[in-house]
Structure formats: structure tokens, C-alpha cells
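Engineer: Given next are the chains, with one letter for each unit.
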Amino acid sequence: MRFTKDHEWVVLEGDVATIGITAYAAEQLGDVVFVETPEVGKTVKAGDGFAVVESVKAASDVYAPISGEVVETNTALGDAPDTVNAVPESGGWFAKLKIADKGQYDALMDRDAYEAFLGTL
Amino acid sequence: MAMSNIGRPTQPQAAGASSAHASLTGARGLLQDEALIFEMDGWDKTGVDFDMPSQVASDLGDLVRTSPIGLPGLSEPEAMRHFVRLSQKNHAIDLALYPLGSCTMKHNPRLNEKMARLAGFGDLHPMSPQSTTQGALELMDRLAHWLKTLTGMPAVALSPKAGAHGELCGLLAIKAAHEAKGQGHRRTVLVPTSAHGTNPATAAFVGYDVAEIAQTVDGRVDLADLAAKLSPDVAAIMVTNPNTCGLFERDIIEIARLTHEAGAYFYCDGANFNAIVGRVRPGDLGVDAMHINLHKTFSTPHGGGGPGAGPVVLSAALAPYAPTPWVVSAGEGFKLVEEAQDEAADTFGRMVAFHGQMGMFVRAYAYMLSHGTDGLRQVAEDAVLNANYIKAKLSPVMTPAFPDGPCMHEALFDDSWLEGTGVTTLDFAKAMIDEGFHPMTMYFPLVVHGAMLIEPTETESKQELDRFCNALTLLAQAAKAGDAERFTGAPYLAPMRRLDETLAARKPRLTWRPEPTTVAPTPMAAE
Amino acid sequence: MRYLPLTAADRTEMLGVIGAATIDDLFVDVPAAARKAELFDLPPHAGEMEVERALSALAAKNRPAGAGPFFCGAGAYKHHVPATVDHIIQRSEFLTSYTPYQPEIAQGTLQVLFEFQTQVAALTGLEVANASMYDGSTACAEAVMMAQRVTRRKKAVLSGGLHPHYAAVTQTIAHAEGMDITRQAVAIDAEAAVLSAIDADTACVVVQTPNVFGVVTDVTKIADAAHAAGALLIVVTTEAVSYGLLKSPGEMGADIAVGEGQSIGVGLNYGGPYVGLFAAREKFVRQMPGRLCGQTVDADGARGFVLTLSTREQHIRREKATSNICTNSGLCALAFTIHMTLLGERGLRQLAALNHSRARELRDALAAVPGVEILTPRFFNEFAVRVPGKAAEVVEALLADGVVAGVPFSRLDPKAGLDDVLLVAATETTTRDDIAAFAKALKGRTA
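Chains as they are written, first to last, in my numbering: chain A, 1 to 121; chain B, 122 to 648; chain C, 649 to 1095.
Chain A on its own, in the form it takes in the complex (with noise of 0.2 angstroms):
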């Protein structure tokens, strides 16, 4: 699993890669009410907002940690936000891509260097 400054993580499973949102970035944001995930088929490009997460007070948008094309999305978030908070590494997780370059995966933090960064805030 890598990460990202922004809090999101990526596994990667030959060249497709699941997405979703910290632990970390979980509990800050209380609990979460709404999950907009992106149409399948689109396709983004890392740094671009793909996804909306919402708790009652606030709406962030979730960057696209890496480029490819959407090939599933979490559908079971539309009736079970809440499993974003309950297991935001696992079962939250938010869409799936197919990507094309892997360099851009291993250009992000492994675990010991996002909880490293996370020590820095």
C-alpha cells in the first residue's frame, strides 16, 4: 500500500490500482455521510479531483493519486457511507483504476514515511 500527502492510499494488483482515503483522513473528517465516486469508463489523471467525500459539515475532494481509467467504483458506499470510517482501508475504499504507468506508483510513500509525515503535522 503507498500513500499520498493529500491522504489517500493505493494497492496495487497488476495494473489495477484501488483507492481510498486514510485512516487518518477518515477520522478527521468525522463521520462521513456521502461518497460521490467517479463514472466508470472516465478517465483522470493524477493530481485531478475524482471524488467528492462528505460528512455533514464539510465536502473535500479526493485526488486521483495516480492516472488511469476508472474501471469499478464502490457502489456499496451509496447506502453504507459510514464503512469509510468503520474500515477506510479496506472495505471504504472508493473506485478502482487501470493504469498505465507504473512510476507514478512507486513515486509515492510507503507506510513508514506517510506515518513519518504525518508526524510532521
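Because the hints were derived from the structure by calculation, they are not lab data.
A portion of the hints provided could be inaccurate.
[Said to hold, decoys possible] Covered by chain B, per the in silico footprint, the following chain C stretches (three or more residues, Cβ under 8 angstroms): (1) 773-783; (2) 887-901; (3) 942-950.
No residue lacks a Cβ here, since even glycine has one placed at the ideal position from N, Cα and C.
Dock chains B and C against chain A, hints included.
Structural biologist: Using the frame of chain A, we list chains B and C on its own:
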């Protein structure tokens, strides 16, 4: 992700069940547990009698509704009781100081209500021939004169329906002016980080990109940052003055000069005009457009969310683009310019179906006549005096966000004084309810951590201010003394305990529907 | 000054607490060049009696709708408002409260909004409604922009029967936001003409029923055509009483229904404040503009109401908000809810039937006047007539007979070439004597 954790907690604590004695029926003393009108078995009732003709025919065939609508009715005594019971669950400016910063909750004179209900105003149709509405047009002309004189601006568009609608009006005039000058390519509107949410929302609404201007440590626009961002791509800046930290922008004239030098226009959010009315004219500061919330500066009642009215004063550069309609004097009388032709050839269009919030115009004009030029100046002075008095009285127990120098009409505190108490700004605000006061504006402006923005207005007596400051001082002392439970479970004594906003947002129930476990009432049959 | 509680002694004492010598010390941040030492050139303060005299004199120069035979409609209607309505909306707790940001002490306002939303949803035949917009025209513009968000298309087709002011407001606001607005040629019975304009780029079709000429239309086929093209149907209604007689927008396939709610509980007020109604299909709720009130529970488990889904709104979403609306028309929504509660379904149906009946009587009376032609084939309480000569001149002439005959279409749209078209409306407040006086005067003036 663009993470914002500024939002406040919204799920009631699991602990803190009501310590108060609970009734058997859900009532709280004389406060009734009032059902919804849909739960009163009123499917065949009505509280209105009509003298129906013996035969009601229709030639509309299958255009006529045949299915039930699903509307209950109540007899007059039942309806009166229902709404009066509900009213008792509201706080109101008529009950106590209502310190919502930036919202300006001041006394609403009842004379203004009486005047707006005169048949010549309240029962006047907007499309009645203009020869039958001369008094209304004259009033609009007089109101315009007062607004122009008080702001030092040459023109005013009266029709916008509220402050945000006025912002829209101002930006549309700016856009039209740029297009007329061949500057339609300008794409950006600069907005300080401390701005009201309506500012960036309005700019985006009109199709502009929004860029933020940084703020200095003393709570003002960062002039250097502004200068750096004023590119040939900038169409306008939107600055609130006095700003949302309750401070006057000392460099306002320089801000205007730099803006104009860059070929952009200066939109001033006039939400806080009440702090300077009668003492400072925005026209002297270089403003090109400014909306005036009549409910804030000129006391029209806010009615639990509206209606407002947001006339926009305009500089000579923007005046030709004002929206229709407007009033002009014509011979011995007045007339409405309603169409985009002749003198209105350059208008950017129309904001509303008719002529604006006439009912609010009458109230605001009555307020102006009552105060006069001397009284309005006193309004600003007393509003500022009251706010500084609160700031001085509460500074020993709370931390002012900008301790140096005076504030204008509102006093801003941060939450650093709550550190280590286990009490948040939200908790503190909810505990104020138990002491009989409406909370202040919280968590706004966003630039101050745990912000508490207190605006007393000029219509509070010294006695009420002292009562308020005493309550907050006692609460602050309790928080620091470790009595966290008084806050985290608050309110205990309000008509309701803390409400679960998370549940409401996760599973939205926006209309009443029969409970699935009960038998649905039978709506009346179609006629 | 009667509204200012501070005494001179208070002010002195308070300045002392603050540590300021004079009030001017509190205005030091104002640039010296902008400080005004003198009073502005406006009259001084005045007592209640003087103000009342001045405003009564202005009011007396106007001719209220209730002063005699009166037939203006065109988006604002003369109806009777029960006395209870005005009494309740003047209660301090409703009149002088703010937006219900603190739900624990605003349940009165919030429960009313929940009831209002439910009533509006029922009337329009749709699942969800918001807590009000400024008026019908701005609700119409907001609906068009919402259709753009839902469909991600930019083209809006406005029917030629849409109230010209509504079309102008929509054109002004939605065009500025980047939409491409196609307004069809003005014609009396033109709703079906929108069918040919719907294409794969169309975000929405806007149709008014009853339209500005009073024509009632079954929009079911238009809904089908819009949906087949992936567009939304927006149905506009300017006379809310018509919901009591006619098929609802939702029943006919509308995705969004907007309306002017002034007819229920709100006076004419020379054009404002009014109350915009806004309802939609539930699946579009997150794209709706404006405030929404929702049901929840408090810490003791009791039912209560809060403003919800506010992440759509400007104070949180800022430049990504669905609308910039903040203050809406809360007190007028309260008036609407009280009046509608007094009416109930039974009363509303009676009221609607009575309006329709009076309008038919008016039609029969005017049809009998030589030279007058009834132009609207099927109507609710308002219709268009062709008069000899210019309608505006006929209206001016009839004022001498004490009759306000209606709205000349040329006042709404001088470029439509319909100078001889007069819009006339009748409501439950119209008496048979009013109708007779109108017909007689018209006959006299057009003979």
C-alpha cells in the same frame, strides 16, 4: 484529498442523557410535544369556508387531477394552536440578545410591519397600470435616493431579492462592463480567505474562476499578495468591509486603487454596512458595486430565513448595465423602465419577475425615516460601541482573535482559551442556550480557529449586554474549572437536546411519509 | 431615538470600560479621507406618527387590488388570505428569528419547513421539495442550472408560453453561468412546439402550465420526448391554486417542478416578497439548490428536524456550491404552510374550483362584448383576449370606469407583436358585479 476538518462535530454524545425529569407524554411543561399536521387525522378537514356555486363545471377533461393530493387540513382553532405551539420552540430577537456575528439580528420595529400592510402597498399588484401605482414608485425613488446618499454612489439596482442575489447582480454588471470594453476574456475573481461563502459561490455561478487572497496576521487583506495576484486576467475583487473578522480594512483605498489600476472592478460585500452607515460612504473608498442587506442594516425582519432584499449600489462605470426594471421620474410622476431598450439598451438583463422586494422596501424606508440622518449615524456608533464593550468585558476570560485596536460592529474570539478544557466552541455555544442566549456565529470566519463571532447590534441596552457578558463569563469560568459535562451534553434545558445531524444526512427524510408499520390514513376521495 | 437603548451616560461609561476617549477612537481604522464629520444631507429622525403620516400619504396614491373590479394576473394573483395567517406570521418567534442554524432552539421554524416541503412535494406530485426560493422566476433559473448539473449538457429550451419575465431571468442568470438558452417564439398555444427542439445536447425543456396566456397543457408527451433524449422536463406554474384542480407536474412526468407560491398565503406586495416553490425527483436531491430540512432524533431519542445536506450549499461548498442562495423566503413559506393547512385538500379543491368557475363566467361575459375575441382554448383562472386597438390603451381607458382590466401582454413583452392581447384573471375574490362592471365598461369603450 482537500481535507477540511474545520467542520464541527455533529453527532450527539452517547453519554449525557437528559438529566432533567422526563414527562410521561413527551411534553416539557407548557411546551407541547407537537405532531406534524400529517399526523392529526385532518384528511377531510378544512379551516376555510367558501360560498360554492351549486354547480362547478369544467371543460378541461383529462387535464383535471383525479388522484388524491395528500394534503391534510385543520380547523382554525386547531391550526392556530399547532402553529403557536411550534412558535414557542423558537428563539427570537424579541426574547433576548441574538449575537449571530455577520447576521446582524437587531430589533424589528413594528411600525414597519404596519406600514407594509397598508392596502396601498400590501394589496398592490405589480402589473397594475403605472398610473395606479405612483405612490409605490415614489417610495422606490425615495428609497433609492437614501441608499445613494448614504453610500455616495450614483446608481442603485433595487430588484435583487437578497444579499447573495445582489452579489450576483453586481458581478453580472461587472461582467457586462468588461464585455463592453472588450475585456470579456478576464476570467478570475479574487476573494479573501475570510469571505462569506456566498462570494466564491456567486463568482463561480457567473462562470468565473475563484482565487484566494491571503490575509495578514492582523486580520486584513494582504496587500502584497493582492498586488501579486492582480493580473490582466482578473475581472474583479470581492472584499467585505468591514470584513468578517469585524475589522475595517485600513488599506481599502489602496486596495481599490490597485484593483482599478489592473483594470478590474471592486465589488464590496456590504453585509456589514451597519457598522459604518452615516459615517463612511463606500463611494469614497473606491467601490464599484456593493449590495446592502436591508434586513441587516435597515432592520427588516429575517423571518426565520427570509425574505431579504439586496439592493446594489453601482458606480458610474457600472450603472449603464444595471438590471431592469428601475424607476425614473417622468414629468410630474414616476415610471418604470422595464424593457431592454432606449435608456436601458445596455442592461445586462433581469434578476426577478417583477420589481424586487417592495414589502421590504416599505419597511426599510420607514426605518430610514424614523432614524433620519442623525439616527443612522448613531446606529453605526452604538453598534460599534456595543461590540467593543463586549470585547473589553470578555477579553479577561476569552481570547480575542485580534486583541490590538478596536473592532467594528462585531467581536471575534478564537478557541485557544478552551485548550485543555475538553470543551469545544460548539459545546460552549450549546451551553449558552441553557443560559438563555442564542449562540454566536461559530467556526466562521474560517481563518480563525474555533471562531466565535459576536455581534450585539445597536439595539441592545447596556443592561442586556451586561447580562450577556455575565453569562459568558460564568460559562467560561465553569469550562476552565473542569465542569466539561455542562458543555458536552448541552443543551439540557432547550426544547430539544442536541440533534443528530449525521443521521439526517446519511438517511435523508425530507418529507413526511406514513410510517410503514402503521396503517396509512386514507386521503379524501377525488371529487 | 426610540430604537436605541443606550443613554449618554451609558455611552460614556462604556467608552471608559473600553479605554477609549471618544467614539471616534473606535473608528481610527477608517482612512482619514473617508471619515465624514458632518451629517448627510437627509432629513432628521422622526416620530412614529410622522413616519406613519408620510407612508400613508404614499400608500394613498396607489390603487389597491381590493378597491374595485380588478383582473390582473400574469404571475401574481389577488386571493383572500385568512386572518389567521397574518396573525401567526407576526408572532415574534417566527418574525424575528434567524435561519435555523441552532436546531435545538429553532424547532418551530424547522418543523414548519418540513411541513412546507411535504405540502409542496404533494402538490407538485414529486418526491422532494426544498425550503423555498426567492420567487417563481428565480426558481425557474435555478431549475435550468440544476438540469445542467444533472445531465452535464448546456442547452435549455424555453417554451414560447413561458412568462416573459421568467424567460428573461433564466436567460440572464443561466446564460451567465455558461448555458445556451433557446427561447422559442412567443405564441398562445405553443407548448407542443418544444418537441422539435429537443436533441441530444438538450439538458432540459421548460414548459409552463397554465402558461402565461392561461393555456393548460398536458405535458406527458413532452416529458416522454425529453426523457427519450436524456433531457429533463421542468414544469413551471405561476398560479399555485391551479394545483388544486389540474394534474400535477409529477403525474405528467416532470423531473423538476417550480412555481410561484404567492397565491397561497402571501399578499400581492407589488411584486415581492413572494415564495418560490422547488420540487424534484428524489434521485436528483443532491443537485438541488437551496436549503433542505430533514428529520432526525436528538440525544434523548426524540424526533426533531435539522437543516441537512448542507454540503451542497455556499457556506460549506463555496465555489462548488449548487447555488449561491443563502437567505430564502422563509416567512412567506410559513404563510404558505399556514394557509395550505387551513385549506387542506378539501378547501384547496374548492378554492380551485371556485377560481375556475369565476373565470368561466368572466369568459362568457367578455365573449359577449362585440369586437372581443377569447384566445385561450383551455384555461384555469386566467385567459387572453384580443381587444380592438391596443390593450394598454383599453386598460387606461377602463380605469376611468373604475375597472383594472388586466395586464396588456405588451407590458410583459413589447416585442412580441401582441399589442392587442390582454391577459385577464378571475379568482374567488372576483364578484359577479365585478364581472358585469368589466363587461359593461369594455362594451362602452370598444363600441
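Engineer: Confirm or reject each hint.
Structural biologist: Each hint tested on the structure:
Three residues within the 8 angstroms Cβ limit are the bar, and the region 773-783 of chain C against chain B gives 7, so the coverage statement holds. Look at the region 887-901 of chain C against chain B: 7 of its residues bring a Cβ nearer than 8 angstroms to a Cβ of that chain, three or more, so the hint holds. Remark: the region 942-950 of chain C is confirmed as covered by chain B, as 8 of its residues place a Cβ nearer than 8 angstroms to a Cβ of that chain, reaching the required three.
Violated hints for the displayed structure: none, as all numbered hints are satisfied.
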